[in-house]
Amino acid sequence: MAIVGWRAQGDKRASAPDPRMGVPGRPHSGTGQATIFTGRNVPELLGKHYGPKPDKQTRTLLAEDNLFKQVVGRGHRSALLEAYPASWHRAVESGRRLRSSYQLAAHEAGIRILNQDDMLRGDALPVDWTGEHWPRNQGREMVPFRSPGDAGAQLVRLARRHTLSLFAHWPSDVIGHRGTLDEAISLLERFDEVMAAVLGAWDDDEGMIIICSDHGNMEHIGDRRHTLNDVPTVVIGKGRERFDEGFRNLADIAPRILEALIAEERIRQRPRKD
333 MAIVGWRAQG DKRASAPDPR MGVPGRPHSG TGQATIFTGR NVPELLGKHY
383 GPKPDKQTRT LLAEDNLFKQ VVGRGHRSAL LEAYPASWHR AVESGRRLRS
433 SYQLAAHEAG IRILNQDDML RGDALPVDWT GEHWPRNQGR EMVPFRSPGD
483 AGAQLVRLAR RHTLSLFAHW PSDVIGHRGT LDEAISLLER FDEVMAAVLG
533 AWDDDEGMII ICSDHGNMEH IGDRRHTLND VPTVVIGKGR ERFDEGFRNL
583 ADIAPRILEA LIAEERIRQR PRKD
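My numbering puts the sequence shown at residues 333 to 606.
Honestly, the hints are just simulated from the structure, not real lab data. Each statement offered as a hint is correct.
Here are the computed lysine to aspartate or glutamate pairs in the EDC-like style, where the Cα-Cα straight-line distance is at most 16 Å:
| hint | residue 1 | residue 2 |
| --- | --- | --- |
| 1 | Lys380 | Asp350 |
| 2 | Lys388 | Glu440 |
| 3 | Lys570 | Glu597 |
| 4 | Lys570 | Asp535 |
| 5 | Lys570 | Asp537 |
Okay, the calculated beta carbon distance ranges per label pair:
| hint | residue 1 | residue 2 | range |
| --- | --- | --- | --- |
| 6 | Pro603 | Gly442 | 26 to 36 Å |
| 7 | Glu376 | Pro476 | 42 to 52 Å |
| 8 | Asp455 | Gly532 | 14 to 24 Å |
What you are looking at is a predicted structure, and each value in this text was computed from that prediction instead of being measured. Cβ atoms here follow ideal geometry from the backbone N, Cα and C, with glycine treated the same way.
With the hints as constraints, model all of the structure from the sequences given.
Here it is in structure tokens:
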């Protein structure tokens, strides 16, 4: 697989768009995530990068329209697949904590953010996949530990319930800001195991798997800030060639997902030949 500026060979496609979106400065999650889920160059609209949470203007853009609202509005099921502890939910409900841009996009579409009960039923996964880092004072003793391989297989099982599923794995950003090289290596090894299981369970004809990021960070563990590096976007499965055509930046992700969805709808609406 080729990434930086090259197109991939075989059954996967990859590119590395610039998350700065033509705006000077270091990219941040508030505007970067909003760009991914609105299909609009939010840093350019604001004249700056902003984060980690969305500011008022970004929240307005996400409320007006976003990928989740489009998918749900077309009658499809969509979900976030990671769960958050009770303390997170209480902080959001009280206003002490803001939702991230992707969480707000889902919320505006009526998509529920999942909790520990959902996770215990097997309907969600912790953000670290395994449950090892679930907060000690938030029922950690009740959380079943999953191997990375089991977590990857469970991600596929959960994704099959929905037309559009998102799993946000942000521990890499935490390690990039204040972690160690050993922690970064350990996370990447776990990521490899999870994705190996995902690819082993996924059938390309089921649809696309998209791996992307709103900014770089952990790849330069000695710098606690977000990097200026391009960020890999990897597309696997049915429709990857169409997705890859003319792909330029993070604002292209949502429109291409919608194009793939509409194309699939049209195929299913065609009359069957006896």
